[in-house]
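Protein chains: 2
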Amino acid sequence: MFRKLLSLDQAKQRIEEHFNPQPLGTMDLPLMDAVGLVLARDITSSIDVPPFNRSTVDGYAVSAEDTFGADEDNPVTLKVRGSVNIGELAELLVGRGDAVEIVTGAPLPAGTNAAVMLENTSQKNERISIFKPVSKGENMMALGSDIQQGDTVLKQGVVLSSREMGVIAALGQDRVEVFRRPKVAILSTGAEIVEPGKSLPPGKIYDINTYALIAAVKESNGEVVSFGVVPEDDVNMLEAKLKEALDAADVVITSGGVSVGPKDLVPKIIDRLGKPGLVIHGVAIKPGKPVAVAIADGKLIVSLPGHPTSSLLVFTLLAQPILLKMSGRGRKLRNILKATTADRFFSARGRRTFITVNVSQDSDGHWVASQASTGQSGAITTLANADGYVELAEDQQFIDVGEEVTVYLFKNSL
Amino acid sequence: MFRKLLSLDQAKQRIEEHFNPQPLGTMDLPLMDAVGLVLARDITSSIDVPPFNRSTVDGYAVSAEDTFGADEDNPVTLKVRGSVNIGELAELLVGRGDAVEIVTGAPLPAGTNAAVMLENTSQKNERISIFKPVSKGENMMALGSDIQQGDTVLKQGVVLSSREMGVIAALGQDRVEVFRRPKVAILSTGAEIVEPGKSLPPGKIYDINTYALIAAVKESNGEVVSFGVVPEDDVNMLEAKLKEALDAADVVITSGGVSVGPKDLVPKIIDRLGKPGLVIHGVAIKPGKPVAVAIADGKLIVSLPGHPTSSLLVFTLLAQPILLKMSGRGRKLRNILKATTADRFFSARGRRTFITVNVSQDSDGHWVASQASTGQSGAITTLANADGYVELAEDQQFIDVGEEVTVYLFKNSL
Numbered sequence: 075m076f077r078k079l080l081s082l083d084q085a086k087q088r089i090e091e092h093f094n095p096q097p098l099g100t101m102d103l104p105l106m107d108a109v110g111l112v113l114a115r116d117i118t119s120s121i122d123v124p125p126f127n128r129s130t131v132d133g134y135a136v137s138a139e140d141t142f143g144a145d146e147d148n149p150v151t152l153k154v155r156g157s158v159n160i161g162e163l164a165e166l167l168v169g170r171g172d173a174v175e176i177v178t179g180a181p182l183p184a185g186t187n188a189a190v191m192l193e194n195t196s197q198k199n200e201r202i203s204i205f206k207p208v209s210k211g212e213n214m215m216a217l218g219s220d221i222q223q224g225d226t227v228l229k230q231g232v233v234l235s236s237r238e239m240g241v242i243a244a245l246g247q248d249r250v251e252v253f254r255r256p257k258v259a260i261l262s263t264g265a266e267i268v269e270p271g272k273s274l275p276p277g278k279i280y281d282i283n284t285y286a287l288i289a290a291v292k293e294s295n296g297e298v299v300s301f302g303v304v305p306e307d308d309v310n311m312l313e314a315k316l317k318e319a320l321d322a323a324d325v326v327i328t329s330g331g332v333s334v335g336p337k338d339l340v341p342k343i344i345d346r347l348g349k350p351g352l353v354i355h356g357v358a359i360k361p362g363k364p365v366a367v368a369i370a371d372g373k374l375i376v377s378l379p380g381h382p383t384s385s386l387l388v389f390t391l392l393a394q395p396i397l398l399k400m401s402g403r404g405r406k407l408r409n410i411l412k413a414t415t416a417d418r419f420f421s422a423r424g425r426r427t428f429i430t431v432n433v434s435q436d437s438d439g440h441w442v443a444s445q446a447s448t449g450q451s452g453a454i455t456t457l458a459n460a461d462g463y464v465e466l467a468e469d470q471q472f473i474d475v476g477e478e479v480t481v482y483l484f485k486n487s488l
Numbered sequence: 075m076f077r078k079l080l081s082l083d084q085a086k087q088r089i090e091e092h093f094n095p096q097p098l099g100t101m102d103l104p105l106m107d108a109v110g111l112v113l114a115r116d117i118t119s120s121i122d123v124p125p126f127n128r129s130t131v132d133g134y135a136v137s138a139e140d141t142f143g144a145d146e147d148n149p150v151t152l153k154v155r156g157s158v159n160i161g162e163l164a165e166l167l168v169g170r171g172d173a174v175e176i177v178t179g180a181p182l183p184a185g186t187n188a189a190v191m192l193e194n195t196s197q198k199n200e201r202i203s204i205f206k207p208v209s210k211g212e213n214m215m216a217l218g219s220d221i222q223q224g225d226t227v228l229k230q231g232v233v234l235s236s237r238e239m240g241v242i243a244a245l246g247q248d249r250v251e252v253f254r255r256p257k258v259a260i261l262s263t264g265a266e267i268v269e270p271g272k273s274l275p276p277g278k279i280y281d282i283n284t285y286a287l288i289a290a291v292k293e294s295n296g297e298v299v300s301f302g303v304v305p306e307d308d309v310n311m312l313e314a315k316l317k318e319a320l321d322a323a324d325v326v327i328t329s330g331g332v333s334v335g336p337k338d339l340v341p342k343i344i345d346r347l348g349k350p351g352l353v354i355h356g357v358a359i360k361p362g363k364p365v366a367v368a369i370a371d372g373k374l375i376v377s378l379p380g381h382p383t384s385s386l387l388v389f390t391l392l393a394q395p396i397l398l399k400m401s402g403r404g405r406k407l408r409n410i411l412k413a414t415t416a417d418r419f420f421s422a423r424g425r426r427t428f429i430t431v432n433v434s435q436d437s438d439g440h441w442v443a444s445q446a447s448t449g450q451s452g453a454i455t456t457l458a459n460a461d462g463y464v465e466l467a468e469d470q471q472f473i474d475v476g477e478e479v480t481v482y483l484f485k486n487s488l
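So the sequence lines, in the order shown, correspond to chains A and B. The first sequence begins at 75 in this note's numbering and counts up one residue at a time. The second sequence begins at 75 in this note's numbering and counts up one residue at a time.
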């Protein structure tokens with residue numbers, strides 16, 4: 075055991091020295107069940123897309139060279155050799171001087187290299203007059219112009235949204251290999267907390283952190299294993315539950331029981347669950363100072379403060395980036411906006427300080443950030459009503475009114 | 075049937091005249107299963123949070139009045155009447171001149187109104203000396219200071235994220251009433267398209283839109299019912315499938331088969347599936363012109379263009395806002411950023427034009443938007459590689475290099 079306040083950056087580095095967050099395996103899923111999951115392998119195309127020269131107009135497939143010089147007064151005349159419909163293969167023998175009727179999406183027959191739009195032609199029996207020249211490749215999507223066989227079209231680590239799903243489908247794949255989500259055990263401790271849904275005895279309060287963290291873990295690509303509330307005063311029970319959580323999950327997150335009072339057993343227990351044990355006990359941030367982190371034989375245990383705002387903020391700062399790496403995400407969440415401050419934001423001397431803020435748009439559409447509340451970190455409503463937070467460095471005294479700041483948003487709707 | 079190009083705003087208004095998007099019912103769910111769903115009722119607290127005056131320090135509960143004037147040289151001396159632990163009810167009789175030992179999180183006994191920090195005291199037998207005065211309410215969270223009984227703490231329409239989950243748990247609720255997700259049937263048409271996973275005959279291409287739209291609907295709070303590919307050339311089959319889709323879902327979305335070629339049957343069929351029938355056939359936007367919308371006896375049918383980029387863009391512009399309203403969301407998705415243009419963006423004369431862009435940050439952290447590709451709207455890779463789009467009004471010729479634009483992002487990670 076030791077008591078030393080690390081800076082936030084030192085704390086992150088300390089974790090990195092002992093724990094290397096990596097994806098924990100892959101799953102092969104039907105494509106339609108993979109929305110929101112993370113691609114586990116680069117995807118390389120085994121086909122050309124489109125797989126043929128595809129007309130983008132209704133009209134005639136031609137040799138572009140035959141149309142050169144055509145205009146309203148001197149149309150070029152070609153012989154119509156047949157027609158190709160959408161979804162058909164054009165098995166026509168076409169040469170110079172020939173044209174083939176074609177619709178949007180149909181394949182150009184071999185021997186043609188462009189399409190003439192219907193409105194620039196007139197047909198009489200088996201001959202058409204063309205009033206406007208086309209260049210080679212005009213009005214068609216060439217074979218392989220979207221995707222070429224052998225192209226790497228998607229990179230490992232991308233989250234599968236509508237656009238990536240479309241790309242995979244374009245290659246003809248109906249299954250995809252994605253990373254397994256990390257399993258995260260959530261466990262609240264504290265003699266005073268009671269699970270929601272039960273009656274509330276005098277002197278007790280309802281457990282907020284379990285539910286807030288369930289959502290936060292899901293939002294960070296984790297899969298939740300909830301252990302509910304474990305009374306803090308029963309050391310043996312608490313240790314047994316923590317061991318059970320370590321067996322069941324890849325990461326264990328507890329909240330409560332990390333301050334320096336006489337009953338703060340969690341740091342002591344997590345120190346002895348495996349090697350190397352406790353690596354962080356206290357970080358110089360506000361709110362959130364009483365956080366502890368242990369590594370137990372390759373598994374991560376994060377003990378968050380009991381106060382809901384501190385708990386969620388420290389989760390966001392320390393645990394979320396690790397969960398995103400373990401879920402294989404190659405790109406960061408982008409959830410920031412630039413805003414001008416409406417208030418002066420003060421820091422806690424020597425500690426990285428996080429101010430919860432509300433943002434609104436002024437009449438020019440620019441964002442303005444104002445302090446959400448000066449309330450205590452225990453107040454869940456302060457957090458629930460805030461839109462995001464602003465960060466002050468350890469050596470920064472304050473941010474003045476009218477300065478530009480980066481707001482880290484809690485979610486994607488305002 | 076009619077052929078008239080409406081402007082985008084006229085098209086939206088036309089839909090609004092005939093279709094009023096409303097949530098379709100509610101579900102009562104365990105709180106932990108409600109992450110990401112939309113709250114169906116305002117939530118009012120039946121309790122005070124905290125439910126008692128709660129100490130925020132380790133020390134002594136006192137009457138603040140007893141400590142007035144105390145300093146290092148003239149400490150105030152009080153009699154220690156006992157102790158209160160966390161999670162306990164303080165059933166002590168405390169009067170002026172008394173102090174009670176207390177820990178962080180424990181309830182202050184009746185008769186006390188503040189807490190003195192341990193480090194500002196010294197204890198000798200049953201008496202403590204206090205070296206620093208406290209004011210009334212200091213070092214405690216007062217009963218109801220976070221949430222008062224009767225407070226409306228959350229409003230209908232909010233999406234349940236970690237912070238809202240925390241608030242609901244704080245009230246002791248382990249269940250919550252949320253809006254049912256709208257059911258959305260997805261159906262692709264076209265003689266040339268083949269479902270991914272099957273072999274690709276000559277002249278055919280793989281269906282991209284079904285999978286792209288499955289993800290887009292899920293991202294818009296919808297529940298997907300997939301009908302796969304329906305061959306466009308079989309009128310009876312297509313009509314039967316569309317009727318089946320209408321029965322199975324609240325909204326039907328088709329793609330393909332809306333251009334003006336000889337086989338474009340979808341607008342004709344959706345016009346006769348119910349009253350009032352077709353309300354939109356063609357919108358003056360680029361890409362995406364060939365879109366059709368019908369209302370069939372209170373259900374919405376949106377026929378998107380076949381080209382993947384057009385299809386997803388029109389979905390985002392016309393269908394997504396309706397699905398969000400039907401899912402009960404009170405707030406809009408915020409997925410925009412302000413950027414400076416790196417290219418000149420040209421519009422299609424007289425049509426609302428959407429330019430797909432990539433964004434990057436310059437060395438000052440400001441965003442720069444450049445055109446993703448000048449490729450055709452059929453190219454899925456153009457869309458997959460873009461970060462978002464920029465909008466040009468019908469009467470705007472171009473946006474010049476260096477202008478500030480709003481970028482509508484496709485998703486939340488860059």
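These aren't lab readings, by the way, just hints derived from the structure by calculation. A portion of the hints provided could be inaccurate.
Since the list can't tell identical chains apart, any single copy or any two copies may satisfy a pair.
Unchecked claim - DMTMM-like mimics (lysine to aspartate or glutamate), calculated; alpha carbons at most 20 angstroms apart, straight line:
(1) 272 x 162
(2) 86 x 371
(3) 412 x 438
(4) 399 x 371
(5) 292 x 145
(6) 153 x 417
(7) 229 x 102
(8) 360 x 132
(9) 317 x 251
(10) 412 x 436
(11) 153 x 132
(12) 292 x 248
(13) 292 x 107
(14) 342 x 321
(15) 349 x 139
(16) 349 x 132
(17) 229 x 132
(18) 342 x 474
(19) 257 x 107
(20) 360 x 200
(21) 349 x 116
(22) 360 x 83
Going down the list of hints, with the structure as the test:
For a Cα distance limit of 20 angstroms, the shortest separation of residue 272 from residue 162 across copies, 17 angstroms, qualifies, whereas the shortest one inside one copy, 66 angstroms, does not. With identical chains, the CA atoms of residue 86 and residue 371 are at most 20 angstroms apart within one copy only, with a shortest distance of 19 angstroms there and 58 angstroms across copies. In this assembly of identical chains, the alpha carbons of residue 412 and residue 438 lie at most 20 angstroms apart whether taken from the same copy (14 angstroms) or from different copies (12 angstroms). Taking CA atoms no more than 20 angstroms apart as the test, residue 399 paired with residue 371 passes inside one copy only; the shortest distance there is 19 angstroms, against 49 angstroms between copies.
With identical chains, the CA atoms of residue 292 and residue 145 are never at most 20 angstroms apart, being 64 angstroms at best within one copy and 51 angstroms at best between copies. For a Cα distance limit of 20 angstroms, the shortest separation of residue 153 from residue 417 qualifies neither inside one copy, at 77 angstroms, nor across copies, at 44 angstroms. In the homo-oligomer, the alpha carbons of residue 229 and residue 102 lie at most 20 angstroms apart inside one protomer (16 angstroms), although the nearest pairing across protomers, at 40 angstroms, exceeds that limit. In this homomeric assembly, residue 360 and residue 132 come within 20 angstroms of each other (Cα to Cα) only across copies, at 19 angstroms, whereas the closest approach inside a single copy is 66 angstroms.
Taking CA atoms no more than 20 angstroms apart as the test, residue 317 paired with residue 251 passes in neither setting, with 32 angstroms inside one copy and 35 angstroms between copies. In this homomeric assembly, residue 412 and residue 436 come within 20 angstroms of each other (Cα to Cα) both inside a single copy, at 13 angstroms, and across copies, at 14 angstroms. When the C-alpha separation of residue 153 and residue 132 is checked against a cutoff of 20 angstroms, the pair qualifies only within one copy, where the shortest distance is 17 angstroms, while the shortest distance between copies is 97 angstroms. For a Cα distance limit of 20 angstroms, the shortest separation of residue 292 from residue 248 across copies, 18 angstroms, qualifies, whereas the shortest one inside one copy, 26 angstroms, does not.
In the homo-oligomer, the alpha carbons of residue 292 and residue 107 lie at most 20 angstroms apart both inside one protomer (16 angstroms) and across protomers (11 angstroms), since each shortest distance falls under that limit. For a Cα distance limit of 20 angstroms, the shortest separation of residue 342 from residue 321 inside one copy, 19 angstroms, qualifies, whereas the shortest one across copies, 60 angstroms, does not. Taking the shortest Cα distances, residue 349 and residue 139 never come within 20 angstroms of each other, neither inside one copy (76 angstroms) nor across copies (52 angstroms). Proximity of residue 349 to residue 132 under the C-alpha cut-off of 20 angstroms is found in neither arrangement, the shortest distances being 70 angstroms within a copy and 32 angstroms between copies.
In this homomeric assembly, residue 229 and residue 132 never come within 20 angstroms of each other (Cα to Cα): the closest approach is 36 angstroms inside a single copy and 53 angstroms across copies. In the homo-oligomer, the alpha carbons of residue 342 and residue 474 never lie at most 20 angstroms apart, since the shortest distance is 42 angstroms inside one protomer and 63 angstroms across protomers. For a Cα distance limit of 20 angstroms, the shortest separation of residue 257 from residue 107 qualifies both inside one copy, at 19 angstroms, and across copies, at 16 angstroms. In this homomeric assembly, residue 360 and residue 200 never come within 20 angstroms of each other (Cα to Cα): the closest approach is 83 angstroms inside a single copy and 35 angstroms across copies.
For a Cα distance limit of 20 angstroms, the shortest separation of residue 349 from residue 116 qualifies neither inside one copy, at 35 angstroms, nor across copies, at 48 angstroms. Within a single copy, residue 360 and residue 83 get their C-alpha atoms as close as 14 angstroms, which meets the 20 angstroms cut-off; across copies the closest is 48 angstroms, which misses it.
When the structure is compared with the earlier hints, violations turn up for hints 5, 6, 9, 15, 16, 17, 18, 20 and 21 and for no others.
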